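S.K.: Each chain, written out:
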Amino acid sequence: MASSTELELSVMTAKELTRIVLAKEQLFILDVRNESDFNDWKIEGDSIEIINIPYFDLLDGVDDSLDQIPDGKKVLVVCAKEGSSKFVAEQIIKAGRSNVYYLEGGMKSWSEHLEPVKIGELNRGGSLYQFVRIGKGCLSYMVISNGEAAVIDTLRMTDVFEQIAKEQGAQIKHALDTHLHADHISGGRKLAERTGAAYWLPPKDAEEVTFDYKKLEEGHDITVGSTTIRIQPVYSPGHTIGSTSFIVDDQYLLTGDILFIESIGRPDLAGKAGDWVGDLRETLYSRYKKLSKDLIVLPAHFGKVTELGEGGKVMARLSDLYKNNPGLNIQEEERFRRTVTENLPPQPNSYQEIRQTNMGKLTPSEEEQREMEIGPNRCAVHDK
Amino acid sequence: MPDIKVNQTLDCKGLACPMPIVKTKKAMDQLQPGQVIEVQATDKGSLADIQGWAKNTGHQYLGTTEEGDVLKHFIRKSSPNEVKEEKKHPHVVSNEELHQIMASNSKTTVLDVREPAEYAFNRIPGAISIPLGDLESRLDELNREDDIHVICRTGARSDLACQWLAEQGFKKVKNVEPGMSEWTGTTEGNH
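Protein sequence lines correspond, in order, to chains U and R.
For reference, each letter of the first sequence is one residue, going 1 to 384 in the working numbering.
For reference, each letter of the second sequence is one residue, going 385 to 575 in the working numbering.
Treat the hints as calculated values from the structure; they're not laboratory data.
The structure displayed is predicted, hence computed values, not measured ones.
C-beta: ideal position from N, C-alpha, C; glycine also.
Please note that the accuracy of each hint is not assured.
Now the in silico label distances, taken between C-beta atoms and shown as ranges [stated by the list, open to error]:
1) R:D395 with U:Q26: 49 to 55 Å
2) U:R338 with R:K397: 46 to 52 Å
3) U:D40 with R:H483: 55 to 61 Å
4) R:K397 with U:V11: 45 to 51 Å
5) U:S319 with R:G398: 26 to 32 Å
6) R:D395 with U:E208: 39 to 45 Å
Below, in silico cross-link-like pairs of lysine to aspartate or glutamate (DMTMM-like), each with a Cα-Cα straight-line distance of 25 Å or less [claimed, not checked]:
7) R:K409 with U:D60
8) R:K397 with U:E35
9) U:K81 with U:D320
10) U:K215 with U:D268
11) R:K410 with U:D64
12) U:K81 with U:D268
13) U:K108 with R:E450
14) R:K397 with R:E481
15) R:K456 with U:E366
16) U:K108 with U:D40
17) R:K456 with U:E35
18) R:K407 with U:E334
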């Protein structure tokens, strides 16, 4: 059967979409999910133009909406899983348009895509990788040195970490979580089980966990590979009572959900906003100030795509954050208290169930875990 | 939870988006205004989509129950003139007045003439349910001497009920306006 290739529906993967967002290539997105899902969370990027028309308003055809879809531009149709986006994209093609794609796996696969980005070399050999979960704004890290690796704030998609370790010829020896996460399901325990690595948690966040773990404590450095790559835990409460930062190789400060590039962590997700405000302020305005200003801050989240730098890297010098981050420049204590306890963004979807899962108290299926994590991370006080 | 009477049950179990909505739309086109459809689906996303679709098309989303993995969505097909229908029954009380009457006299009868599915999800505690279409056959459940306040969603169906009851010799029937659509007092329902 003859068919014009121009008028064929094309598929785009989350990886390709990530490349387009990072390269700031022009793309028009038609999101056909319902309005509330769209308003809650959508694909963002400097070069992305996006509109929302629910698929159920397009069941009788796309003719009435064609004038909203630019002709000649690359068009990506997106929905929750992919069924409706295919259905709508096919109609757009039938209406005579070309260069039309649908997102493979929909927003689910966008939420789960992890992009490995190399941050830099370590002083005595080895390297540090950042894993950008672009659709949800989560960041993980891998320290690789001399055949060994440590993963920090492991995300649920553990195969990506295993894959990179394998490519680098390294064995994963440690999985560390900066804190008990409330916005995503930690892959730390699973990765540790699969690779035989040790799973490290801050003991104050782990009081209710149902499994064995190793205690992260100040003064007990963790060594990766050659004897010199140190991970120094720095107790830094505020987002959670146990939150612990790591200094890696005397160069990098992994701040977890305490300090982000354009915002600071919120203290309310374990239900203790009032109690932890003081800890958060102490960490940000005193503890971190005593550290070297040349440390490169690597957070566990980003809030906006504007925080993505060259190649997708999310990083900044500590001294620059003290100059530019609004959360580090609130001099009055009372105003700080109000900023981090009032008018906070909505809490992340299913955050209570996610905390229970990370404690080992709930064991949802893969599909349920996926559903629980859908949506933005909302761990910073300025995310709206 | 007791079964909710519906005019049609549509099986969309196992179907992925967009099929549950495509099938619902098709089925809805065949229904008469006022009739209620039950859509059974296993796709969790169908909940928000059914609500969004109903809102955009003007059909009345009533509610959803969950049985195991199956979501049962209840939607009522709206009639175009439902809100604007001319009202003729002379005795009318407002939602606020009914609220006060109920507070001072617990014996007053509230008759809800909406469909069973509407009643199931959101009703005034103690209200009697007799859908407008069943009123004739179930008339003996009511007492002609009672104070009866008839309520529906917007006051249109209850108006028809009031007129008909008055013709049957009921002396003290009053229509509640606007009705459940703006009821701010206590309600109960199956969820």
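S.K.: Decide, hint by hint, whether the structure agrees.
M.R.: Verification of the supplied hints:
Separation of D395 of chain R from Q26 of chain U is about 44 Å and departs from the stated range, judged on CB atoms against 49 to 55 Å. One distance hint, 46 to 52 Å for the beta-carbon pair R338 of chain U and K397 of chain R, holds here, with the actual separation near 50 Å. A beta carbon spacing of about 36 Å between D40 of chain U and H483 of chain R contradicts the range 55 to 61 Å that was offered as a hint. Separated by about 28 Å at the C-beta atoms, K397 of chain R and V11 of chain U break the suggested range of 45 to 51 Å.
Restraint check, S319 of chain U to G398 of chain R: a C-beta distance of roughly 57 Å breaks the suggested window 26 to 32 Å. Our hint of 39 to 45 Å for D395 of chain R and E208 of chain U holds, since their Cβ atoms are close to 43 Å apart. Between K409 of chain R and D60 of chain U the CA atoms are separated by roughly 10 Å; this keeps the pair inside 25 Å, and the hint holds. Distance hint between K397 of chain R and E35 of chain U is fulfilled; the C-alpha atoms sit about 24 Å from each other, no more than 25 Å.
Distance hint between K81 of chain U and D320 of chain U is unfulfilled; the C-alpha atoms sit about 40 Å from each other, more than 25 Å. At most 25 Å may separate the alpha-carbon atoms for a hinted pair to count; K215 of chain U and D268 of chain U meet this at roughly 24 Å. For the hint linking K410 of chain R to D64 of chain U, the alpha-carbon distance of about 20 Å falls within 25 Å, and the restraint holds. About 32 Å separates the Cα atoms of K81 of chain U and D268 of chain U, which puts this hinted pair outside 25 Å; it is violated.
This hinted pair checks out: K108 of chain U and E450 of chain R have alpha carbons roughly 23 Å apart, not beyond 25 Å. The hinted pair formed by K397 of chain R and E481 of chain R fails the criterion: a straight-line CA distance of about 45 Å is larger than 25 Å. This hinted pair checks out: K456 of chain R and E366 of chain U have alpha carbons roughly 24 Å apart, not beyond 25 Å. At roughly 14 Å between alpha-carbon atoms, K108 of chain U and D40 of chain U fall within 25 Å of each other, so this suggested pair holds.
A hinted pair counts as satisfied when its Cα atoms are at most 25 Å apart, and K456 of chain R with E35 of chain U qualifies at roughly 21 Å. The straight-line distance between the Cα atoms of K407 of chain R and E334 of chain U is roughly 56 Å, outside the 25 Å bound, and the hint therefore fails.
Checked against the numbered hints above, the structure breaks hints 1, 3, 4, 5, 9, 12, 14 and 18 and satisfies the rest.
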